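Peer 1: The listed protein sequences correspond, in order, to chains A and B. At position 105 of the first sequence (counting the first as 1) the number is 93 in my numbering, and the numbers step up by one without a gap. At position 27 of the second sequence (counting the first as 1) the number is 128 in my numbering, and the numbers step up by one without a gap.
The set of hints was computed from the structure by calculation and includes no laboratory data. In this text, all values refer to a predicted model and were calculated from it rather than measured experimentally. Beta carbons are placed, not taken as given, at the ideal position from N, Cα and C, and that holds for glycine. Just to be clear, a hint being listed does not mean it is correct.
The following residues of chain B were derived to be distant from chain A, with all beta-carbon distances above 10 Å [unchecked claim]:
1) L140
2) V154
3) A202
4) G242
5) P263
6) L287
7) S311
Simulated coverage check for chain B against chain A, where a stretch passes if three residues somewhere in it have a Cβ under 8 Å from a Cβ of chain A [stated by the list, open to error]:
8) 203 to 210
9) 268 to 276
Residues on chain B that point at chain A, a partial pick, calculated with CB under 10 Å [unchecked claim]:
10) T200
11) V305
12) L309
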Amino acid sequence: MRHLPLAIAVVLGGAACHEPTLPPNHTPAYGFDLGGDVFHWPQDRLPVRFYADSRGAMRAYVQRAVDLWEQQFLYGEFRGVLTTDSAHVDVIVVWAGSVPPDVTPDEGAPVRACSGSTTPDFAPSGVALQGPFHVSLTVLASSATPAQLAACMRRTVAHELGHSLGLFQEASDSLLIMNFTPWVNAPAEGDRRTVEVLYHTPPTITPPPR
Amino acid sequence: MTVGRSDSRAVGLVCVGWALLIAPPLDRLSAQVSLSASLGGRYTTTLVHDSIVAPFDVRIGLSPAATLAASLPLEVPWTADVTLDVSYGAVSRHDQSGTVATITHVATLTLGVGLRRDLRHGFSAAVGAGLLKYIPSEQIGIFRDGGGAVTPMGAAAVVYGPPAAARRGLSLEARYDLHGFLTPALRSEGFVNSTVVHRVAVAVRYRLWSGGGGQP
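Extracted from the complex, chain A is given alone in its bound form (with noise of 0.2 Å):
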């Protein structure tokens, strides 16, 4: 009995023992300006509301490419919502052309097979948005499979979600999804890191009224 508190002491000591947490390295692997301005959906005007082309497997992609984005942020920098009303959202994603048929993705080696446009909606001051971004996926002409053509529009829908939450600039590795061409089918360090430093550093261009 006598020897209980001691118990309890050298259990409460260990607990203390922590030694103070350190922040890791959060460098950026690319940059995300547009000439100097700085674009990321403020905190209060979260959750995103992005709006998918209905025909074929898009919501399911543009909902993928959402998810995976919100998981790269640790501190809810960012939040999105897919929704069926067109007319008052702040991404839009539609086919450009054609649509690929609806089948699984090749898990293979990655085929160019598509393409993919963001267009932000600048107002004449060029520092303020006035519409919603406009995304579009367009189908290349190619001898890939239905399957590579899926593959490649699921990568290229999370590449081009990435350039409207406001990463404006391509990266130089192949590994990240913001690559000229992505290669890669999620976000990776690099751009996950990228975007974290984005979505702390005050924006320069403000978001479209809702």
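Given chain A, work out where chain B should sit, using these hints.
Peer 2: Frame of chain A; chain B shown alone:
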């Protein structure tokens, strides 16, 4: 010290050892054990301090805390306590600019054992240890890979029951505990060491049942 499963096992063994040490025969238990519940508020210190462009903290806001305790009298003036404690609060990022952004909500569940000593003038003091688990409401942010392993914790408490209130089974309780905090997501981000988290709770305690025939 980095919190890991081996630590949890070690504290688990300590808890089991205590339980065996203090446990009288079962037929005596039901006659002597008393149950009490407490409800109050809890303050928790910073869970994570990080710096991305500018420093910021992640904290749990003031949160309600509820405790259920079973007490067994030992040799006077000692009492053994087994406690189950739960609190629930918002986990938020606090920027230097004053911006507060909620990340998610989290429940904190602790199971502890302690030794309490009656003091003078209606006071009693306790020390103990236990196991703590974070249960996030959703897997996002620092909890995107879950709440992390069960963590050992140390605890201390002071209870004050003025005679008039004690007759009604009421007392005022101040509890303190500390533990290490590190989630799998933080570890994968590059955090190596856990943060020492201190928690302070103030609660009103009510004796629900007394096996010795005391006040209900």
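Peer 1: Next, verify each hint and record whether it holds.
Peer 2: Cross-check of the supplied hints:
1. L140: holds, 25 Å
2. V154: Check fails; 4 Å does not lie beyond 10 Å.
3. A202: violated, 5 Å
4. G242: violated, 5 Å
5. P263: Check passes; 26 Å lies beyond 10 Å.
6. L287: Violated: least Cβ distance 7 Å, not greater than 10 Å.
7. S311: holds, 23 Å
8. 203 to 210: Satisfied; 3 residues make the cut.
9. 268 to 276: The restraint on the stretch 268 to 276 of chain B is violated, since only 0 of its residues have a Cβ under 8 Å from chain A and three are required.
10. T200: holds, 6 Å
11. V305: Interface hint status for B:V305: violated (25 Å vs cutoff 10 Å).
12. L309: This interface hint is violated because 26 Å lies over the 10 Å limit.
Against the hints set out earlier in the document, violations occur for numbers 2, 3, 4, 6, 9, 11 and 12.
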